[in-house]
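Asks: Please model the complete structure; the sequences and the hints are all you need to start from.
Protein chains in written order, with our numbering: chain A, 1 to 193; chain B, 194 to 358.
These are computed hints drawn from the structure, not numbers from a lab. All figures in this text were calculated on a predicted structure; none of them were measured in a lab. Hints should not be assumed to be uniformly reliable.
[Said to hold, decoys possible] Computed Cβ-Cβ distance ranges for the label pairs, DEER-style:
#1 B:ARG268 / A:LEU30: 19 to 27 angstroms
#2 B:MET211 / A:GLU79: 32 to 40 angstroms
#3 B:THR271 / A:PRO146: 20 to 28 angstroms
#4 A:GLU93 / B:GLY269: 38 to 46 angstroms
#5 A:GLY87 / B:VAL287: 36 to 44 angstroms
#6 B:VAL220 / A:ARG91: 50 to 58 angstroms
#7 A:ARG115 / B:PRO273: 34 to 42 angstroms
Virtual Cβ for every residue (Gly too), placed ideally from N, Cα, C.
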Amino acid sequence: MAKKIAEGDETEMNMTPMIDIVFQLIIFFLLSLKFKAVDRRIDSALPKDRGIQATQQFVDELPMITVKLFRQNMDVPEEAWTTIKVGNNFRRELPKGEWAGTQKEDTERQEEYDRIFAEVEIAIRDTWAKMNHNPEAKGEIKTPRPKGLKVPHGDVIRVLSTFIQVGLKDVKFEGAPAPLPQAGGGGMVTQGG
Amino acid sequence: MAFKRAPEQEAKPNLTPMIDMTFLLVVFFMLTIDLTTKEYVALELPYAREGVDDKETPIPRLTVNLLPSGDIKFRGNTWPLATGAPEEQHAALVALRNELQRLTADPEMREPDKSSMIPVMVHGDRDARWQYVQWIMQVCAEPTIGVYKIQFAVKKPPGEEEEPQ
Chain A
1 MAKKIAEGDE
11 TEMNMTPMID
21 IVFQLIIFFL
31 LSLKFKAVDR
41 RIDSALPKDR
51 GIQATQQFVD
61 ELPMITVKLF
71 RQNMDVPEEA
81 WTTIKVGNNF
91 RRELPKGEWA
101 GTQKEDTERQ
111 EEYDRIFAEV
121 EIAIRDTWAK
131 MNHNPEAKGE
141 IKTPRPKGLK
151 VPHGDVIRVL
161 STFIQVGLKD
171 VKFEGAPAPL
181 PQAGGGGMVT
191 QGG
Chain B
194 MAFKRAPEQE
204 AKPNLTPMID
214 MTFLLVVFFM
224 LTIDLTTKEY
234 VALELPYARE
244 GVDDKETPIP
254 RLTVNLLPSG
264 DIKFRGNTWP
274 LATGAPEEQH
284 AALVALRNEL
294 QRLTADPEMR
304 EPDKSSMIPV
314 MVHGDRDARW
324 QYVQWIMQVC
334 AEPTIGVYKI
344 QFAVKKPPGE
354 EEEPQ
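Replies: Here you go:
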């Protein structure tokens, strides 16, 4: 005689391990997706032929729009600030100190930066307009030693970005005196865009 | 006489080994993921309005990280630049040069004029000194390395509208 299965006593599937694994998979994919650290970039090209040699003769022939950056009061990092000069007459001081890393303070700082760089942009536009928008014109970012050496990367990139915004895509950087014996200060040209 | 079975004693599968295995797998994947993404160190990138979207380049690039402290982090190595001692800065840049030379040595990655096709990304903190970026670029431009394609990692300023592509 066949045995009758007791009714109401079915084996139920245990869902716990499946849920566990699904969660693990979700976590795995979340982690692996989140790792794109860079979403924007500025492409630039170093001079191939000139390398790091002095490039004085090449520089002098071309109409240049020069932006100079200095780090002031650089012995006290919290109180240091960057001075921007466009040509000889335009000069602005960026906010003091470094980025706080907190949303609120950085937003205020960012607004101050935006305001100043809007003026820098106008100054560069005006300078270029005085050259009748010479297509040969190049930008130049100078960080004269010693005060220029401590200018933060972010400020220089912001100036570079402003040049590109105005439409000047050839921007020359000044080289830094390197601790490497074979590397002297030289010119570099970047091609933004 | 036949023994009577205890009525309420169902055999349940033991879940412990399965959970153990799953955890092991998760740990394994997390570690392998971490190794491939060590390329970028977490730092605050500079703001720039004029950046282009970071699409993948046809030739895989090398990423040089520059921390606000002045340390260079490159492919698992850390070389300090901020010590202030020229000898140590020199040693750091020589180490970077040697590593770049090794990585760009492949003759197939050279253009006809001997410059390297491999781009180098400067993934630098906005508070890092520009001087150190200049040094990194100078190392890249050395004739034995010949890297001329430099990319600066940047971030869109907050509140910027996403431009339609």
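Asks: Now look at each hint and say whether the structure bears it out.
Replies: Okay, the hints, checked on the actual structure:
| no. | hint | verdict |
| --- | --- | --- |
| 1 | B:ARG268 / A:LEU30: 19 to 27 angstroms | holds (26 angstroms) |
| 2 | B:MET211 / A:GLU79: 32 to 40 angstroms | violated (59 angstroms) |
| 3 | B:THR271 / A:PRO146: 20 to 28 angstroms | holds (26 angstroms) |
| 4 | A:GLU93 / B:GLY269: 38 to 46 angstroms | holds (40 angstroms) |
| 5 | A:GLY87 / B:VAL287: 36 to 44 angstroms | holds (39 angstroms) |
| 6 | B:VAL220 / A:ARG91: 50 to 58 angstroms | holds (56 angstroms) |
| 7 | A:ARG115 / B:PRO273: 34 to 42 angstroms | holds (36 angstroms) |
Checked against the numbered hints above, the structure violates only hint 2.
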